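Engineer: Here is what each chain is made of, one letter per residue.
Number of protein chains: 2
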Amino acid sequence: MILLLGGTGYIGQAFASELHARHLEHRSLSRHELDYTRFDVLLGVLRSARPQFVLNAAGYTGKPNVDACELDPGGTLAGNLLLPQTIAQACEVAGIPWGHVSSGCIYSGAKLPGPDGVHAVKDLTQPAARSIVDTRPETVQGYTETDLPNFCFPDPPCSFYSGTKAMAESAIAGLGSSYIWRLRIPFDEFDSPRNYLSKIQNYPRVYENVNSLSHRRDFVRACLDLWALRAPFGIYNVTNPGWVTTRQVAELIQARLKPRREFAYWASDAEFYRLAAKTPRSNCVLDVSKLLATGVVLRPVLEALDESLQHWQPAHPWSVTEP
Amino acid sequence: MILLLGGTGYIGQAFASELHARHLEHRSLSRHELDYTRFDVLLGVLRSARPQFVLNAAGYTGKPNVDACELDPGGTLAGNLLLPQTIAQACEVAGIPWGHVSSGCIYSGAKLPGPDGVHAVKDLTQPAARSIVDTRPETVQGYTETDLPNFCFPDPPCSFYSGTKAMAESAIAGLGSSYIWRLRIPFDEFDSPRNYLSKIQNYPRVYENVNSLSHRRDFVRACLDLWALRAPFGIYNVTNPGWVTTRQVAELIQARLKPRREFAYWASDAEFYRLAAKTPRSNCVLDVSKLLATGVVLRPVLEALDESLQHWQPAHPWSVTEP
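Chains B and X supply the protein sequences, listed in that same order. Quick note on numbering: the first sequence equals residues 14 to 336 in this note's numbering. Quick note on numbering: the second sequence equals residues 14 to 336 in this note's numbering.
Bound conformation, chain B alone (with noise of 0.2 Å):
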């Protein structure tokens, strides 16, 4: 039996299904149900249900947006920070394997061609990195698992959540067995607030940068053939490979669902900050080797954007999120 944590939630639902339809027998706690927040509470469901494998998919994200949690410390320090150390610690104790949803958000940038070879640069809006992106796109490097996250609080600025994020990710490892499964904004063909191929169409400008994106049903589906696999314990990057860039997405969401609205862009990163968002925001390219090397098969970023808007079901109206 898989246990699942966050079950409800945009990426443990995705869990929940791929578990149905692969026959894996697995039972989803709810936190009503009982609070598996506690130490206590959870290695006695551990000791007791000794399930295979468990598997985090809770966390907090803020709503509408990441600069909810700059409002919210506390519930974002209990469900990205606090939680995901007691699981570890609960499964050590047990000696059960699990898997945590964590997120690549904690990088900025990409590793691009310099004078003296490859170096990572944060900032893809200015004007030098922005030409070799356009000119040079195969000379763009994403950040692999060995990369020290470099958007996070030993290396501001970052987010506060992207800062729990990565400091779980430290608090988590080394202790059991674990991997830690990094997604980066999740999209299918599912509209919904959490799927960026909604937010980008609700935005009323668009915010232009350079992202490795994850495809909700294929990240699940990585992070469970990982365990199939019996691949090692660890990082890993779980995004399509490849990288693209908003105007790309728009353009796609233009050319597929022909919306009556024109994408209108920020004029500048400054615009951007200074109008829309609060807290700094996390863009970056990331590296998939590690994980194609165990023989987990992901599409291409692009093939899975097109499909998820070839076969795009708007849900009924909900309000606009903010970038």
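Since the hints were derived computationally from the structure, they do not count as laboratory data. Everything numeric in this text was worked out from a predicted model, so none of it was measured. Do not take every clue at face value.
Heads up, incomplete: computed chain B residues facing chain X, CB under 8 Å, no partners named [unchecked claim]:
1) LEU90
2) THR99
3) GLN102
4) GLU105
5) ALA107
6) LEU265
Here are some chain X residues pointing at chain B (derived, C-beta under 10 Å) [stated by the list, open to error]:
7) PHE52
8) PRO86
9) ALA101
10) PRO126
11) PRO167
Yeah, the Cβ is synthetic: ideal placement off N, Cα and C, and Gly gets one too.
Once you've looked at the hints, dock chain X against the given chain B.
Structural biologist: Below, chain X alone, put in the same frame as chain B:
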């Protein structure tokens, strides 16, 4: 054997010497020797050494003051939130009782008489509150252990330091057998950057407010007495009974030490925060009835202050601490 964590810190040193004075066998674990912030390492020690009791005097207070915690959220969270949770969970698994040095700086103000009975007043520098403090000091009541913290993440504003200390109490509470000892603004006769009596002498101006304080040796003695008396586990305010205004303390210093300088005061709260401090400070009165009811004896705060100044031991000059 008693295991002491953080035994080299300002409060930890006082615990070590009091344990020594009481001929209580103890082992002070330093992080250089063994990284007890790692759950598996700590649990290993608890299982092999089987201490009767664990004392956690480790924590991140910020140097030279609490403003430093705002600039180092990672260090603050590691020391004040993740570490206490780790100790609580390891002690729960090993079945070992323990005590945690928490802080009373998770409250603001005091409880004052009003038209509809006694109510919490967060800011005692406001004229109406100040008038009660000055003219009817006997009506000022401290916060008890059943009062919810009101200078913390769920009840802002607060400093990041105070937010993490309050949150650690919740993370610990209800797990295993533990004392939570709330210290407030330590002082004694030994001149030190952490000693309130030293700080007041070195501040360029003094911030006028109302506070309960903890004499450092009285504090550690009371903590160890609670354990020796087998008082019920739980939260205890551990301050010397009563409260003082900053002005009273300054006048005591003037009378006993006859320093060359005259004390200058910030003209207002607003001026203090504009010029001298970044993050809000906790100023509060705590009630120690629960502690005294256990049979632990603690002298009144003015007596402890006066005795410290009578035996004042100036240190070699050290750099001025900011408020």
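Engineer: Run every hint past the structure and note whether it holds.
Structural biologist: Now for the hints, and whether the structure bears them out:
no.	hint	result
1	LEU90	holds, 6 Å
2	THR99	holds, 7 Å
3	GLN102	holds, 5 Å
4	GLU105	holds, 6 Å
5	ALA107	violated, 10 Å
6	LEU265	violated, 38 Å
7	PHE52	holds, 5 Å
8	PRO86	holds, 5 Å
9	ALA101	holds, 7 Å
10	PRO126	violated, 31 Å
11	PRO167	holds, 5 Å
Checked against the numbered hints above, the structure violates hints 5, 6, 10; every other hint is satisfied.
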